[in-house]
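Peer 1: Sequence:
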Amino acid sequence: MKAMVLNQYGDDAEFTITDVAKPSVSAGHVLVQVAASSVNTVDTMIRTLGEALPLSPALPAILGMDFAGTVVEVGEGVTGFAPGDEVYGCAGGLADLQGALAEYMLADARLIARKPRNLSMREAAALPLVGITAYEGLQRGGITAGQQVLVHGGSGGVGHVALQLAKHFGARVYSTGGGEAQLDLIQRLGAEPINYKTESVADYVARHTDGKGFDLIFDSVGGANMANSFEAAALNGHVASTVAMVDLDLSQAHFKGLSLHVVFMLIPMLHNHKREAHHHILNELTNIVEAGELRPVLDEQRFELAQAGQAHARLQSGQAMGKVVIDV
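Under the numbering used here, think of the first position of the sequence shown as 13, with each following residue one higher.
Check the hints yourself; a few may be wrong.
Restricting the straight-line Cα-Cα distance to at most 27 Å, the calculated cross-link-like pairs of lysine-lysine (DSSO-like) are [claimed, not checked]:
no. : residue 1 : residue 2
1   : Lys209    : Lys286
2   : Lys268    : Lys224
3   : Lys286    : Lys268
4   : Lys34     : Lys179
5   : Lys34     : Lys14
6   : Lys179    : Lys209
7   : Lys286    : Lys224
FRET-style restraints, in silico, Cβ to Cβ [what the hints assert, rightly or not]:
no. : residue 1 : residue 2 : range
8   : Gly190    : Gly89     : 45 to 53 Å
9   : Ala236    : Ala318    : 35 to 43 Å
10  : Thr210    : Ala70     : 34 to 42 Å
11  : Arg152    : Glu63     : 42 to 50 Å
12  : Glu85     : Glu305    : 53 to 61 Å
13  : Ser271    : Glu305    : 40 to 48 Å
14  : Glu243    : Ser132    : 34 to 42 Å
15  : Gly190    : Ala318    : 31 to 39 Å
16  : Ile279    : Gly158    : 24 to 32 Å
17  : Asn130    : Glu288    : 43 to 51 Å
18  : Gly89     : Gly202    : 39 to 47 Å
Quick caveat, the hints were computed from the structure, so don't treat them as lab data.
Model, not experiment: these values are computed from the prediction.
We treat Cβ as the ideally placed atom computed from N, Cα and C, and that holds for glycine.
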């Protein structure tokens with residue numbers, strides 16, 4: 013089969029289209045003919061940082077975590093899927109798991125689900141990593157109907173899904189963005205836009221919550237922005253962060269009695285730990301999508317498999333609006 017292979021890591025690392033052996037189906041797995049794969053920030057980090065990241069695969073490597081495609085073969089013990097099923101998931105591209113930048117990939121059946129019928133393969137491929145991350149963060153934060161929920165970075169890959177899911181769960185949703193296009197997208201997706209460049213945390217907390225703070229904050233920006241999340245949170249509020257690698261004084265979180273939930277959705281893949289949870293979440297996402305309450309936004313630029321490097325560059329440029337997808 014054809015695959016895009018990395019033979020080295022680094023800022024200038026290039027993908028090479030290569031003929032490699034097609035995977036053989038194994039127990040508990042399905043063989044999928046890949047139709048599309050989306051690019052996530054973690055994919056670009058693996059490509060550039062390589063061995064500096066403990067989750068990077070050994071070279072030569074086939075990256076690509078997210079995919080949508082068609083089951084062509086089913087391994088022993090798999091009962092939920094059959095050849096011809098259209099599926100999607102996040103099931104490779106790190107550690108010892110071959111990625112989706114190939115014509116075929118082997119996927120653990122516990123990491124995939126039936127593709128939503130009302131999404132194209134390209135749209136479905138955009139959803140797994142960001143969808144699972146957003147769903148897990150909101151659930152761990154105890155989201156309930158009627159809450160005031162703030163999503164930081166609501167036009168980003170994870171953020172634009174998180175605000176749609178928060179709305180689905182019945183919350184009143186607010187979201188930060190930093191430009192006209194970002195704020196327009198946030199508003200189109202049903203959240204109240206907040207321009208973090210022109211309005212301070214104290215100002216928007218006062219304007220939207222009468223100074224009480226937000227019940228739940230989903231922070232897809234992270235880093236130094238976590239301090240803003242603590243400031244914006246209500247007493248005994250919840251903060252779910254997807255980027256918690258930061259040195260930070262927790263005094264404010266202490267005196268507010270906040271709960272911090274760190275979301276690292278790759279744990280089931282890396283450690284073979286509770287992988288069935290991802291199957292469950294993807295099934296829930298399929299139902300929400302088919303109910304018309306969630307749809308991924310795709311970047312306007314399209315890329316073929318041989319243009320994987322250009323797709324990575326598009327995401328890294330910061331110019332993409334929505335998920336960057338590669339047609340396989």
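Peer 1: Now tell me, hint by hint, if it's right for this structure.
Peer 2: Against the structure, the hints:
Restraint check for Lys209 and Lys286: the C-alpha separation of about 40 Å exceeds 27 Å, so the hint is violated. The suggested pairing of Lys268 with Lys224 holds, with an alpha-carbon distance near 11 Å, which does not exceed 27 Å. Distance hint between Lys286 and Lys268 is unfulfilled; the C-alpha atoms sit about 32 Å from each other, more than 27 Å. Distance restraint check for Lys34 and Lys179: the Cα-Cα separation of roughly 42 Å exceeds the 27 Å cut-off, and the hinted pair is therefore not satisfied.
For the hint linking Lys34 to Lys14, the alpha-carbon distance of about 9 Å falls within 27 Å, and the restraint holds. Note on Lys179 and Lys209: the hinted pairing holds, with a Cα-Cα distance of about 24 Å set against a maximum of 27 Å. For the proposed pair Lys286 and Lys224, the alpha carbon gap of about 37 Å is over 27 Å, so the pair is violated. Between Gly190 and Gly89 the CB atoms are about 48 Å apart, so this pair conforms to the stated range of 45 to 53 Å.
The hinted range of 35 to 43 Å is satisfied by Ala236 and Ala318, whose Cβ atoms lie roughly 38 Å apart. Evaluation of the 34 to 42 Å hint for Thr210 and Ala70 yields a failure: the beta carbon distance comes to about 47 Å. Between Arg152 and Glu63 the beta carbons are some 31 Å apart, a value that contradicts the proposed interval 42 to 50 Å. For Glu85 and Glu305, the hinted distance range of 53 to 61 Å is not satisfied, since their beta carbons lie about 34 Å from each other.
Range check, Ser271 to Glu305: about 26 Å between beta-carbon atoms, so the 40 to 48 Å window is missed. Glu243 and Ser132 have their C-beta atoms about 40 Å apart, which keeps the hinted 34 to 42 Å range intact. Evaluation of the 31 to 39 Å hint for Gly190 and Ala318 yields a pass: the beta carbon distance comes to about 34 Å. With their beta carbons about 31 Å apart, Ile279 and Gly158 fall inside the hinted range of 24 to 32 Å.
Range check, Asn130 to Glu288: about 25 Å between beta-carbon atoms, so the 43 to 51 Å window is missed. At roughly 41 Å, the beta carbons of Gly89 and Gly202 sit within the given window of 39 to 47 Å.
Consistency with the previously given hints fails for numbers 1, 3, 4, 7, 10, 11, 12, 13 and 17, ordered from lowest to highest.
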